[in-house]
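**Student:** For the record, the sequence lines run as chains A and B.
Residue numbers are given in my numbering: position 69 of the first sequence equals residue 69, and the series is strictly consecutive.
Residues are numbered in my numbering as their position in the second sequence, beginning at 1, plus a constant of 1000.
By construction, these hints were calculated from the structure, which means they are not laboratory data.
Treat the numbers as computed from the prediction; the structure is a model and nothing was measured.
Where is the CB? At the ideal position from N, CA and C, for every residue including glycine.
The reader is advised that the hints may include incorrect statements.
So, partial list: chain A residues that the calculated Cβ filter (under 7 Å) puts toward chain B [what the hints assert, rightly or not]:
{"id": "1", "residue": "V21"}
{"id": "2", "residue": "A24"}
{"id": "3", "residue": "F54"}
{"id": "4", "residue": "P59"}
{"id": "5", "residue": "E60"}
{"id": "6", "residue": "V61"}
{"id": "7", "residue": "D64"}
{"id": "8", "residue": "N87"}
{"id": "9", "residue": "R93"}
{"id": "10", "residue": "Y95"}
{"id": "11", "residue": "L110"}
{"id": "12", "residue": "A134"}
{"id": "13", "residue": "Q135"}
{"id": "14", "residue": "F155"}
Quick look at which bits of chain B chain A covers, simulated, 3 or more residues with Cβ under 8 Å [said to hold, decoys possible]:
{"id": "15", "segment": "1036-1042"}
{"id": "16", "segment": "1062-1073"}
{"id": "17", "segment": "1077-1085"}
{"id": "18", "segment": "1137-1151"}
{"id": "19", "segment": "1205-1213"}
{"id": "20", "segment": "1257-1264"}
{"id": "21", "segment": "1303-1310"}
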Amino acid sequence: MKRIVFGLAAALHFFLILLVVSHARAAISSRPGLSGLAAASDLYGTLTLANRNFGFFAPEVTGDLVVRGVLVDASGARRPWSFSPANREMQVRLYSMAGHFSQEEDHMDLFARSWAVRAMNENPEVVRVEISVAQNDVPTMAEYRKGRRIEERPFYATSFDLH
Amino acid sequence: MGRFPSRFLAWFTAPASPRPLGILRIALAALCLVRLIPLRDSVLAIWGPYGFVQWAITRATVPAILPHLGDLAHLLSSFGVAPNETVWLVLGLQVAALVGLLLGWRSRTLAAAAFALDVLFLGAGGGLVYGMDVFVHIGLFYLVLMPCGDAFSLDVRAGRRQPSPSVAAGVTRRMLQIQLALVYVSSGFEKAAGPTWWNGDAIWRSTMLPVFRQLDLSFLAAVPAVPIVSGWLVLLTEVGYGLAIWSRRTRGAWLAATLGMHLFIGAFLGMWLFASVMILLNLGAFGPEVLADLADLADARRPRALAAAQRRRSVPAPVLGLPAA
């Protein structure tokens, strides 16, 4: 009996993984009768991370994003602000955060607001934060041979005022 | 039951030694502790209420049925505990659980505790979570299922667990093996769907991106065959993993190629923690089989080597001036 229960649990586990990696999860979410299965798959994925899309760096490697800020105090003085990662590990995590930021347009304003609040908490005298995000555009190998180099392209910009 | 299902069941449920699971438990717990070292000055920036991504946002990304660090902070605030203190408290509990797990004291319970606390950190960490965190969490999930305290543990020393082969040890390691095969095959097909892993651009870009750049590899533009072939090798390694890792003839080479790929990621992209967790999970899943294959190979060669040695011994040593008969 114990073996049957474990066998069924293992089968369900791999079924939920296959549902996501085969992209069937995306297809069933639009079918009303299967919305419960989609919800269960999402919950299991959030809890275990076992069933998620494992396409790292796929189908392509996108250019990394560079987040910068400008802090403005009540007198109008401006100074630059950035995340300033403490080490390599934080640098990788901030790269990941910028990737999440760029996934959906709805996310961008939320993330930018979050960064602005953090900048204001770190610098209480600030009354305005301007956030700009640029993307590193990496040339192809052929373009590189012709002399083109990595260029930053504007990706997103916004500003937040305290009042 | 048909021949294939019964053979599959026999393969899947074959009892196995708990020793590989004991080693995996120790290595994964150690890695979980090591990964906290570079983050020690950024704890509140990652998981705090006003970190890079605030709790108000990360809470919305976690299903309402699952707990969030903010929920716990809210609960503890009635006892006078500030939200930042809640983060440190939970981190302290996580470290204690991982140390206990490393030593193998109440291993399954502490694996479950470490896993549950990691759920809180994943939720609060929001956007700052990356592949390394994903695979550490998957590893902890499997440790909860595995009889990981049945070897090299205080549980065995205390007589709570027996270091004997079990069906649970075999089944759960098979599950980890299948999980890794699914991860690599799906990752390989996702990569193969676009042109950049075929034309070398993905390898070129990943080594050129400022965030990952460890060494100046811009000379690759002059020798595009290197990134092109490297991209093909990544695709072959990942897609082929699903078949080659199960065959005794190929799994040693495939495991070596997979470990090589992760060492490349560590060396050239500077993602050593990610590389470490992948190497660790691969060795935990398939290391025992590959070691057994190598031992079999050595045994198979031994009779030939012995015979050759005997032949050498049977030939009389040449005496000065006299040729051997």
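**Student:** If a hint holds in the structure, say so; if it does not, say that too.
**Tutor:** For each hint, the structure was consulted:
no.: 1; hint: V21; result: holds, 4 Å
no.: 2; hint: A24; result: violated, 12 Å
no.: 3; hint: F54; result: holds, 5 Å
no.: 4; hint: P59; result: holds, 3 Å
no.: 5; hint: E60; result: holds, 4 Å
no.: 6; hint: V61; result: holds, 4 Å
no.: 7; hint: D64; result: holds, 4 Å
no.: 8; hint: N87; result: holds, 5 Å
no.: 9; hint: R93; result: holds, 4 Å
no.: 10; hint: Y95; result: holds, 5 Å
no.: 11; hint: L110; result: holds, 5 Å
no.: 12; hint: A134; result: violated, 11 Å
no.: 13; hint: Q135; result: violated, 11 Å
no.: 14; hint: F155; result: violated, 15 Å
no.: 15; hint: 1036-1042; result: holds (count 4)
no.: 16; hint: 1062-1073; result: holds (count 4)
no.: 17; hint: 1077-1085; result: violated (count 0)
no.: 18; hint: 1137-1151; result: holds (count 3)
no.: 19; hint: 1205-1213; result: holds (count 7)
no.: 20; hint: 1257-1264; result: violated (count 0)
no.: 21; hint: 1303-1310; result: violated (count 0)
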